[in-house]
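> Listed below are the residues making up each chain.
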Amino acid sequence: MTISKSVTVVGVNKSWKYSILGILALMSLIFTSFFLLNNGQTSVITSNSFLEISFDKFSLFLASIFCVSLLVGLVPVRKEHELSTSFLYYVLGALGIILSNNLLTFFIFWTFHRSIPSLRFVRGIKNEHTSGGGTFLIQHFFTFGCLLALLILATKSGVATMSFSQIPAPFFTWPVLILSFIIIYESHGIFPFHSWIHDMIGNLEWYKISSIFLSRAGVLLFVKFLLPTINQDPDIFRIVLLSLSIFSSIYWTIRGIFETNVTKTTTYFYVAQSSLILTGLQADPVAARGAYLHMMVISLSGTSLWSLISYVQRYTSVKRLNQFYGLAQHYPKLAVLFCLFGFTMIGTPLGAAFVVEDLVITGLLEQHPFLGLGHILATCLNGILFFLVFSKLFLGRTSYPQKIKNMDMSLSQMIPYVLVLLLMFSIGIFPSLFLENLKW
Amino acid sequence: MIIEIFYLSLLFIPLCWMVILALCFFAQLDLPERFLTESVKWISVAMSLISLTLSALVILNGSKALYFDYPAWLIVGNYTFKLRYVVDLLGSTYALLTSLLVGIIYRFSSNYLHKEEGYFRFIFLLTTLTFGLMTVSFSRSLDLLFAGWELVGTTSILLIGYFYNQVQPIRHSLKALVSYRLCDMGILAAAAWSHHYMHSTDFTIIPELIEHAHAGALSLLFIGFFIIWASLAKSGQLPFCSWLPAAMEGPTPSSAIFYGALSIHLGPFLLLRFYDYFSHFPILLWVVGFVGGASAIYASAVGRTRSDAKTLLAYATISQVGIIWVEIALGFTQFALFHIVAHASLRTWQFLRSSSLIQDFFENPTVLQDKKIHRNLSFEKLASRMVRRKIFIHALHGFHLDYFTNKILDLFLAPFKFYIEIEKKWMSWNNKFVKLIIKK
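Note that the protein sequences, when read in sequence, are chains A and B.
425 is the number that the working numbering gives to position 425 of the first sequence; each next residue is one higher, with no gaps.
Positions in the second sequence are counted from 1; adding 1000 to them yields the working numbering.
One thing to keep in mind: the hints can contain errors.
In silico DSS-like pairs for lysine-lysine, Cα to Cα no more than 30 Å straight-line [stated by the list, open to error]: (1) A:Lys319 / B:Lys1417; (2) B:Lys1082 / A:Lys57; (3) B:Lys1115 / A:Lys333; (4) A:Lys17 / A:Lys208; (5) B:Lys1425 / A:Lys126; (6) A:Lys319 / B:Lys1425; (7) B:Lys1115 / A:Lys264; (8) A:Lys264 / B:Lys1435; (9) B:Lys1424 / A:Lys319; (10) A:Lys208 / B:Lys1439; (11) B:Lys1407 / A:Lys264; (12) B:Lys1175 / A:Lys264; (13) A:Lys126 / A:Lys57; (14) B:Lys1424 / A:Lys264; (15) B:Lys1390 / A:Lys208; (16) B:Lys1425 / A:Lys208; (17) A:Lys319 / B:Lys1435; (18) A:Lys208 / B:Lys1424; (19) B:Lys1425 / A:Lys264; (20) A:Lys333 / A:Lys439; (21) A:Lys439 / B:Lys1082; (22) B:Lys1439 / A:Lys264; (23) B:Lys1424 / A:Lys126; (24) B:Lys1082 / A:Lys126; (25) B:Lys1381 / B:Lys1407.
Computed footprint of chain A on chain B, listed as stretches where at least three residues anywhere in the stretch have a Cβ under 8 Å from a Cβ of chain A [claimed, not checked]: (26) 1017-1029; (27) 1156-1164; (28) 1193-1207; (29) 1232-1242; (30) 1315-1328; (31) 1407-1417.
If you're looking for bench data, these hints aren't it; they were derived computationally from the structure.
Quick reminder that beta carbons are idealized off the backbone N, C-alpha and C, glycines included.
Model the full assembly from the supplied sequences, consistent with the hints where possible.
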């Protein structure tokens, strides 16, 4: 009830905006330094053995890229954006998920995090403000049910409040595996539990959607809960998981190719890339390292792409990709940034994703050669989708030039993006320096 | 030692120049055209001299291949990505061809693109192409070769869309992109496949490893098919022919360097690199010969129905490259290399002269008479008039190649389209259902 009231306060207050940005900046600094200084030790904070928050290297890594990505995406467009106060709840919920270290804590924060958009949808449908939202609510309710069932099974086995790393392998029976599979795949937007993503776009601001993806609830549950004992799980389970995540990437890419809405297409491109994270994690240790790097790349580059798209949409009336808009003539710097961010994500040499593809494909082919070919197809299609979006937006010539203002980015607005790009290309050129740190 | 310094210079000169240009762009330094022209002039002179000396040294060394290994670029678990290079007759010849032709193109562009808005962009992309081609020429492993291969593809696509404020070049660059990405899958798959079955992507030792590999002949044969698949798009062979004439939308110097000279011959270059491997599998040589022969006949027939100079040249190029494929299939590898050099040089000249064709025609009217003589001696006369007319009509439509490829694409996309429709209906049903519950 309290949450519902708070959500209704949509802030346009400048001090609120700067407070949120300040908090994000502070947390980015803290988590990144903790992550870099952490040598593999885990600090656990517990409350009456129920709630368990962990500052292990993986959680710190996730928290760091969560805060840095949002900050990089929000800072350059701060003057134009109205950050609503409810965004703080999204940040809080996401950080709770990222740092949770047992099933009960995960359940509480996951429910809290998903309830914020759910309540907004309920209110929107009631007042007839929202277009859609039904699928989001049904899937959220379904996954909530699965998570509750998993928690009941865990309570019966006495592992609900146990740290993820201490859960014994015999707990992972078929019902547990199936329930976890649904939760992980639904949280990650993977086929066939993906339809809620369509509902979010257009109804939520980009940074809120981004915060939902950046919480990486599915990845966290997979890495902390399933991964330690995955070698003892049936092979068929792993093959189904791998096939679905590869298929999901292909599906999202093709969906993006057919879609004309700018925000939807960008989101589909992002989700298609995200699906490949789970592929890498499931394949083998080499591919898993690639997947961790991939998570960093798409979090930073993907959020920057979203942020650039929101900037474009603010100054132009571009909503649909049903024609060429030729924005590069009006926004040359922005076009170059957009293009380079895309390159860092689709596996262009010297960019970070090139390393990722090399590791993931090699690792995957070691285990399942034919699934590896599917992954290669997904990667190639992703590249096509990106170029399609880029050319429709920035190249060609628009039929409505009067609707486009010349408001290219200033040097100060470009700085955060350029820093991220430098990082992405540094990863692409000196990958070993970064991969050294991605061990836990 | 000298050879090592020379070939490393050929790699580092374009790389450093590329980095300098990128930094200048981000620092918003507006480099004057004169400075750019002078710089690339001296760079191309230096590169030409270095590559000429390198080729001479290789020949003096008895055309023996020299291998260079450097510390691993990437180490993750058991996987290492080593920087392996080879300097041999094939690589040094291609590097020499690259240096000389790129130099000519730089010189030609200084007049042709004088005071053009995108001159800086053109120089940057041409430098990236040079770096990509040098990487392909000297790389000894498939992973490294793929990096150079991708750079060539990316620059090619960006240069087709050089006149980015026109719609048609952008459409054509997207067409080229689809062909490139689909075929680039082949090289990536070949790299991963050979890594999986032979634990190496070093193509100089792959033929030796074949006898010791613990895999069936079919698995090893796949590598060859992937290589052929990868070569198809770059060299514009069947069924990936139609993008090449469309790619002529770019500026004439880029058409010359890409589709007359260097990029188009990368396919045969790759086949020559893998010739030792192909010789273990005669069926692969049959496939190479068949594809090359069919493409040569197809392009020759279609080219005769076209009337504009650049399109005619494009089909003539496909036809010649098809013949080079046949030469490789027949085992005339030295002759194929000579053919590549001769053909690339002639086509560059023809493409560069194509823009002043009308002037040439008025200066030398005997051109038309030569054409008449050629027509009278044509083999076409052997067929009956009716057969010729039918062939002409089909050739005019490019033997409906685009129609068939679109049909195949539609077949692939049909299940996705069907699912998208179902999902839309399902989401609308969800919305109605949730609305009903909430309203109640």
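> Straight-line Cα separation of A:Lys208 and B:Lys1439 no greater than 30 Å?
Holds - the C-alpha atoms of B:Lys1439 and A:Lys208 are around 26 Å apart, at most 30 Å.
> Mind checking, does the stretch 1156-1164 of chain B have 3 or more residues with a CB under 8 Å from chain A?
Coverage by chain A holds here, the residue count being 3 at a Cβ distance below 8 Å.
> How about the stretch 1315-1328 of chain B: do at least three of its residues have a C-beta closer than 8 Å to a C-beta of chain A?
violated (count 0)
> Need the status of pair B:Lys1407, A:Lys264: alpha-carbon distance at most 30 Å?
holds (27 Å)
> Verify the proposed pairing of B:Lys1175 with A:Lys264, using a straight-line Cα cut of 30 Å.
Holds, because 23 Å separates the two Cα atoms, which is no more than 30 Å.
> Confirm or reject the coverage of the stretch 1232-1242 of chain B by chain A under the rule of 3 or more residues with a beta carbon closer than 8 Å to the chain's beta carbons.
violated (count 0)
> Mind checking the alpha carbons of B:Lys1425 and A:Lys264 for me, to see if they're no more than 30 Å apart?
Measuring from Cα to Cα gives roughly 18 Å; hence the hint holds.
> Under 8 Å between beta-carbons, do enough residues of the stretch 1193-1207 of chain B, three at least, approach chain A for the coverage claim to hold?
holds (count 3)
> Holds or violated: are the alpha carbons of B:Lys1425 and A:Lys208 at most 30 Å from each other?
Holds, at about 27 Å.
> Could you grab the alpha-carbon distance between A:Lys126 and A:Lys57 and see if it respects the 30 Å cut-off?
violated (43 Å)
> Just to be careful, I want the Cα atoms of B:Lys1390 and A:Lys208 compared with a cutoff of 30 Å; is the pair within it?
violated (62 Å)
> Straight-line Cα separation of B:Lys1115 and A:Lys264 no greater than 30 Å?
violated (40 Å)
Violated hints, in rising order: 7, 13, 15, 20, 24, 25, 29 and 30; the structure is consistent with all others.
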